[in-house]
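S.K.: Sequence:
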Amino acid sequence: MTDDTLTPEQVAEIRSRDLFYLTMKETTALCDTVDTLREQLRRKDTALDEWIAAYYHNTAQIRSLTDALRGAKEDRDLCARRMKAIETAHRRRLAHFLAEGESDG
Numbered sequence: 070m071t072d073d074t075l076t077p078e079q080v081a082e083i084r085s086r087d088l089f090y091l092t093m094k095e096t097t098a099l100c101d102t103v104d105t106l107r108e109q110l111r112r113k114d115t116a117l118d119e120w121i122a123a124y125y126h127n128t129a130q131i132r133s134l135t136d137a138l139r140g141a142k143e144d145r146d147l148c149a150r151r152m153k154a155i156e157t158a159h160r161r162r163l164a165h166f167l168a169e170g171e172s173d174g
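Position in the sequence shown (first residue = 1) + 69 = the working numbering.
Since the hints were made in silico from the structure, they are not lab data. Just so it is clear, CB atoms sit at the ideal spot from N, CA and C, and this is done for glycine as well. You can take every hint at face value.
Label pairs and their in silico Cβ distance ranges:
hint : residue 1 : residue 2 : range
1    : Arg132    : Thr96     : 50 to 60 Å
2    : Arg107    : Glu143    : 52 to 62 Å
3    : Arg107    : Arg132    : 29 to 39 Å
4    : Met152    : Asp118    : 44 to 54 Å
5    : Met152    : Thr128    : 29 to 39 Å
6    : Thr96     : Thr76     : 21 to 31 Å
7    : Arg160    : Ile131    : 41 to 51 Å
Start from the sequences, fold in the hints, and give me the full structure.
M.R.: Okay, structure coming up:
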């Protein structure tokens with residue numbers, strides 16, 4: 070046997086070592102992929118949390134505006150009733166005044 074000839078055991082050891090390094094390389098690549106995916110998921114979770122917070126904030130603003138509009142409608146209705154009462158009282162006074170004028174004349 071010459072120095073440049075490998076024994077079956079040496080060939081098996083080299084193949085085993087090559088397979089080990091290839092496996093380690095693939096494992097490292099997979100770990101990097103998992104880390105990248107984990108970071109993307111974290112970003113998406115953060116974006117989702119921000120979207121949910123904005124949704125609740127907007128919902129609260131809509132409720133507040135709805136309450137304000139409801140209050141404005143109630144105020145408008147109250148003002149309309151008061152105006153109607155004032156108008157009715159004014160007409161009664163005018164009718165009473167005119168009735169007194171006719172009886173005097």
